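There are 4 protein chains.
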Amino acid sequence: MVQVKKIGIVGATGYTGVELLRLLVKHPDIEISYVTSRSNVGVRVDEMFPNLRGYIDIAFSDPSTDALAECDLVFFATPNGIAMNHVPELLQANTKVIDLAADFRIKDVSVWSKWYGMIHACPELLGEAVYGLPEINRDLLKTANLVANPGCYPTSVILGLLPLLESKLVDLDNIIADTKSGVSGAGKQANIGTLFSEMGESFKAYGVGGHRHQPEISQILSQLSESSVDLTFVPHLLPIIRGIHATIYSRTDVDASTLQALYEKQYINEPFVDVLPQGSHPETRNVKSSNMCQIAIHKPAESSRLVVLSVIDNLVKGAAGQAVQNMNIMFGLHETTALDRPALLP
Amino acid sequence: MVQVKKIGIVGATGYTGVELLRLLVKHPDIEISYVTSRSNVGVRVDEMFPNLRGYIDIAFSDPSTDALAECDLVFFATPNGIAMNHVPELLQANTKVIDLAADFRIKDVSVWSKWYGMIHACPELLGEAVYGLPEINRDLLKTANLVANPGCYPTSVILGLLPLLESKLVDLDNIIADTKSGVSGAGKQANIGTLFSEMGESFKAYGVGGHRHQPEISQILSQLSESSVDLTFVPHLLPIIRGIHATIYSRTDVDASTLQALYEKQYINEPFVDVLPQGSHPETRNVKSSNMCQIAIHKPAESSRLVVLSVIDNLVKGAAGQAVQNMNIMFGLHETTALDRPALLP
Amino acid sequence: MVQVKKIGIVGATGYTGVELLRLLVKHPDIEISYVTSRSNVGVRVDEMFPNLRGYIDIAFSDPSTDALAECDLVFFATPNGIAMNHVPELLQANTKVIDLAADFRIKDVSVWSKWYGMIHACPELLGEAVYGLPEINRDLLKTANLVANPGCYPTSVILGLLPLLESKLVDLDNIIADTKSGVSGAGKQANIGTLFSEMGESFKAYGVGGHRHQPEISQILSQLSESSVDLTFVPHLLPIIRGIHATIYSRTDVDASTLQALYEKQYINEPFVDVLPQGSHPETRNVKSSNMCQIAIHKPAESSRLVVLSVIDNLVKGAAGQAVQNMNIMFGLHETTALDRPALLP
Amino acid sequence: MVQVKKIGIVGATGYTGVELLRLLVKHPDIEISYVTSRSNVGVRVDEMFPNLRGYIDIAFSDPSTDALAECDLVFFATPNGIAMNHVPELLQANTKVIDLAADFRIKDVSVWSKWYGMIHACPELLGEAVYGLPEINRDLLKTANLVANPGCYPTSVILGLLPLLESKLVDLDNIIADTKSGVSGAGKQANIGTLFSEMGESFKAYGVGGHRHQPEISQILSQLSESSVDLTFVPHLLPIIRGIHATIYSRTDVDASTLQALYEKQYINEPFVDVLPQGSHPETRNVKSSNMCQIAIHKPAESSRLVVLSVIDNLVKGAAGQAVQNMNIMFGLHETTALDRPALLP
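Protein chains in written order, with this note's numbering: chain H, 2 to 347; chain L, 2 to 347; chain S, 2 to 347; chain Z, 2 to 347.
Here chain H stands alone, though its shape is the one from the complex:
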């Protein structure tokens, strides 16, 4: 029998935090032993999140490295720049870490500093950190102690392009990712810009001049294709709570049915990537609350244009669900434990 693992969550009052809790309270092989929030010490977790009443019986603690070090694994569901200050000590204490923020996603520390505006606290660990996308790094994850959980947009875009990159069948100088995200991706900060009355009944692009997820995506695309990539990345904000839809454009001479077969072969054994029949239009609600990524491939007639549609729930496969998937792999558990539920539709 598997021994129950002790889990800590730092910064559990945000949306990825509560989503981790929602998934983990029913995980049979772990125990949530430590949940921190600097500004809510002593508040019961289920007082802040009434959906968890009856499922969790602890209060938020102040984050202490000593207490965290008693956990087998700690999730950092914190803003960027927090995890890196705790990770060295935790790794020394043999506590595994999954950072849901961006501290360990970019291998080139100068690129990281440019985009995140900080000096990195432990650049020596960037090499060791495994980029936690099981579809490309499953073997590395099995022995990883430090995992950089991918960004939500990168997850949707990379999974949408992966089969093409490895096979070198696509024009790498001409990739556009037009992505749309639900508002929960902006986090649970008091912010006028994401008020209901600002986001409702409207739609806009943002960060067209440059967005932090672009170097993250480019790094992985280049690594997979062993080549430089010209990627245009334009994110938009959708008036929905959960969901990302990536519409990815490139060119290829390969015909549609060959592409379809390529994608189906790539993902045939993946529990959380689902290639839809040719000509499908995945809806974000197909995967709401679930860890699934649904993908459809299109080649509009009489053209070399390729259009890939990819949908995820930004809080699940784009954050907490993928983190739990990574944890399962790191602990040698069944990869789908606590994640194997159909999406909520409608």
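Please keep in mind that the hints were generated in silico from the structure rather than gathered at the bench. Computed from a predicted model, the values in this text were never measured in an experiment. Beta carbons: idealized from backbone N, C-alpha and C, even for Gly. Among these hints, one or two may not hold up.
[What the hints assert, rightly or not] The calculated lysine-lysine pairs, modelled on DSS-like cross-linking and capped at a C-alpha distance of 25 Å, are: (1) S/Lys189 - H/Lys189; (2) H/Lys169 - H/Lys6; (3) S/Lys205 - H/Lys189.
[To be verified] Label pairs and their in silico Cβ distance ranges: (4) L/Asp63 - H/Pro278: 18 to 28 Å; (5) H/Leu141 - Z/Lys115: 50 to 60 Å; (6) Z/Gln4 - S/Ala60: 41 to 51 Å; (7) S/Lys169 - L/His335: 58 to 68 Å; (8) Z/Lys115 - H/Val255: 56 to 66 Å; (9) S/Ser228 - L/Asp140: 50 to 60 Å; (10) H/Glu265 - L/Gln4: 15 to 25 Å.
Using the hints provided, position chains L, S and Z relative to the given structure of chain H.
Okay, now just chains L, S and Z, sitting in the frame of chain H:
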């Protein structure tokens, strides 16, 4: 070990149908053997509902009483007036039935005919049918063969008043239920009135002159209080997909903390009724996707006025989840099987 | 010809502020000469509100009493407790004032202080201030220098009850106002509680234990009925941006058609109150962007129960539109100027 | 003084119909004399559209060519394939026609028949019909008798590309229009696919394999650039009622400030095209209810990639507003009459 039960679902293309499927595909003690839809015969279930890809591998069939009779239990997720034509034959074949529509909810057949505009096909079974609210009829459900699954509004209102009715502590001549429902309660019919562009960014009351759920609620309130009840019932349509919020008004001389204790005692062992701390304001999202009913009691200052707030997910505790709860009871299974998951928040 | 009036708006960066601007930029008889925002001095108004590009060519100023005193009329679209510090000086300078906040709504200064938690800066002006509901105070408004613009909920509830109060045809000991408001009513403050991801796909009551609009409504109901009133007021938050729906319950022995005639007679000459045909269900979208209040009266069968439905746009008839209506009356302009447009539907 | 023109609207029960009514009821130079709906003959217009109570006092009529021929101008707000059966007779009777559907948008009748699946009833009029985009055809519109009002997507995309096409500064072999529309664009038909519970909290692409607006856009782009164009057009459905956002990608060697100047020069005198400052992100709500198109140009760093953002209200500049603008031009009225109002924000 429990023997796996064969389950049929008639009319599974609507919202209560797909919700039954979502809950049942992970139920360890049953097998979905037969799913019908007259207008979609041969269509794969997961083609219509892509959230179920990987979870169900059958197609819709034409409803046939013979095939249904091979099931241990059949859910009718059909419009009103369908189940009553199949039930007598199914009961004779020892197939249990849970009707999610209204055919067996009202004991007085003339009242039923008045509100539903039909002649009842088997009025002789109305006495035998058990009203499937476990919180009042758990013992009867254990041996029931025919269950009338309650309406969504009635579930929220009755659970909100139950402790008061049995204790006769409330003014029965002055009950108002101001209820608000998500649009999925109107079903998945092609209908201009429930288009996105009609329902979005708006709110309205409907049926103020009379609504079918009023006699259903009144019947149960009268039965529980052993008295006549003057109930004003006003439903409204919310621009959300799932959720019911009932705001219930009456008068009582009992003070707030006595009421709180009364509610807590009533529901202490109920797995799916959660009495919030005094002064709470339950949000419908607290129970989205879950079978929970959350209740809060208020007594605004210096007044005999009582205000009870009650929230459910209309498709779960208000329909499919309650039906699964009833099925579990009828089969002697653990009552919470397949239902014991936290709500999706946010 | 009417001389163009100079208008100032203090605190114009909130939702009532931008709504005042939207209405006033096309008002032929006024000129917006001064728009203030302490935290946005120098920012162009149309940079903050791109819907106004081409309609206004000024920037936000620091509020200065001297500059305000050069206006013919100043709107305070500020938080509670701001206007009262400027009003005495402005009145002395012969500048008229309309306060869209609550500083002058409550006549009893001790009640005001209890609910608003402040010492009033000029209680001596409370008697002079006119409650700016034209349907009850039109004559007083013609000569008013200081107007307390009503709250949004009070406007919807008072207009819904007005014909009954004056005619003493309703049970004043048993009035319930179950009200529902769009999120813009909570203002444009950075606040976790009104984020899109908190308010979307959900619904809740709030302030059941007591809300500041209750004493405001009670004061007017008592004044109109010349009697004390037992009012239960329960507000709820709707996942829409604009709109209030009040569902008002009482008892009366008068029949439905008499009530209908009473309402129609009361409002026959009112430009912004529209009594719908008997049995109607007004939707909030019927009045979105417009200054109209739509009302419908119901008497459910075999009961003395009366149900009044009343809808307004909380930012228009519930705030900025009513303020413009009041301004028009105070200046002797045509009352509907700049307000006479159909609502936006859908 | 201008003589009041008699206006007819055929098919006024849909969303473009009610939007025409909303705009026209306050137009000082016209009179709505005839509003038709085959299925609602005798129903008062303001009974179907309660936002128009007090603004229009007629009922829907059966469409009769004789009655229509008495109008000075008739709008067809009908499904595709209706207008073409009435137009020849109306033109003969000297009645001008603006078709808001697609009957006269495509010059090549075989292309039209392929995409619309019908034989054209009057192909001889295709040459005479003027494509009603004032920004390219203002002079032709002044004398036009038959106007093809552009599609909503084409309006947003063509205005976004117009300055580049005429100046031949853009790579015509590599244009992508990733477009997103509010649900009202799908019309007011009883349709499961556009129910609130289907569209809410979700997002999807559709018609990736081919959409009717693609040949319409391509025709105009080719005409303006005097060259063939390789356009990839992917529409998506947004969970909002009104609004289109086009994100348009191409390549150009021209730098950002030159492009900005080019766009500003092109549109400097256009009343309904507004070029935002460089680096802006227009939101669809900036133009909700208004006839404005807002455009922003981006050149992400170190790349020849060009990104143009273009937003309109699909029911106004994308349909009814543009039709009124065209009517104003055809009648020699001031072009902005009845259209000169700021958008509704929030």
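Now the hints, each set against the structure:
1. Proximity of S/Lys189 to H/Lys189 is assessed by CA-CA distance (about 16 Å); at most 25 Å being required, the pair is judged to hold.
2. Using a Cα cut-off of 25 Å, the hinted pair H/Lys169 and H/Lys6 is violated, with the two alpha carbons roughly 41 Å apart.
3. About 19 Å separates the Cα atoms of S/Lys205 and H/Lys189, which keeps this hinted pair within 25 Å; it holds.
4. Between L/Asp63 and H/Pro278 the beta carbon distance is about 24 Å. The supplied range of 18 to 28 Å therefore holds.
5. A C-beta distance of roughly 52 Å is found between H/Leu141 and Z/Lys115, which places it inside the suggested range of 50 to 60 Å.
6. For the hinted restraint 41 to 51 Å between Z/Gln4 and S/Ala60, the CB-CB distance of approximately 44 Å keeps it satisfied.
7. Between S/Lys169 and L/His335 the C-beta distance comes to about 60 Å, which sits within the given range of 58 to 68 Å.
8. Roughly 27 Å separates the CB atoms of Z/Lys115 and H/Val255, a value that falls outside the hinted 56 to 66 Å.
9. At about 51 Å, the beta-carbon gap between S/Ser228 and L/Asp140 stays in the expected band of 50 to 60 Å.
10. A hinted range of 15 to 25 Å for the beta carbons of H/Glu265 and L/Gln4 is inconsistent with their spacing of about 37 Å.
Hint violations for this structure: numbers 2, 8, 10, all remaining hints satisfied.
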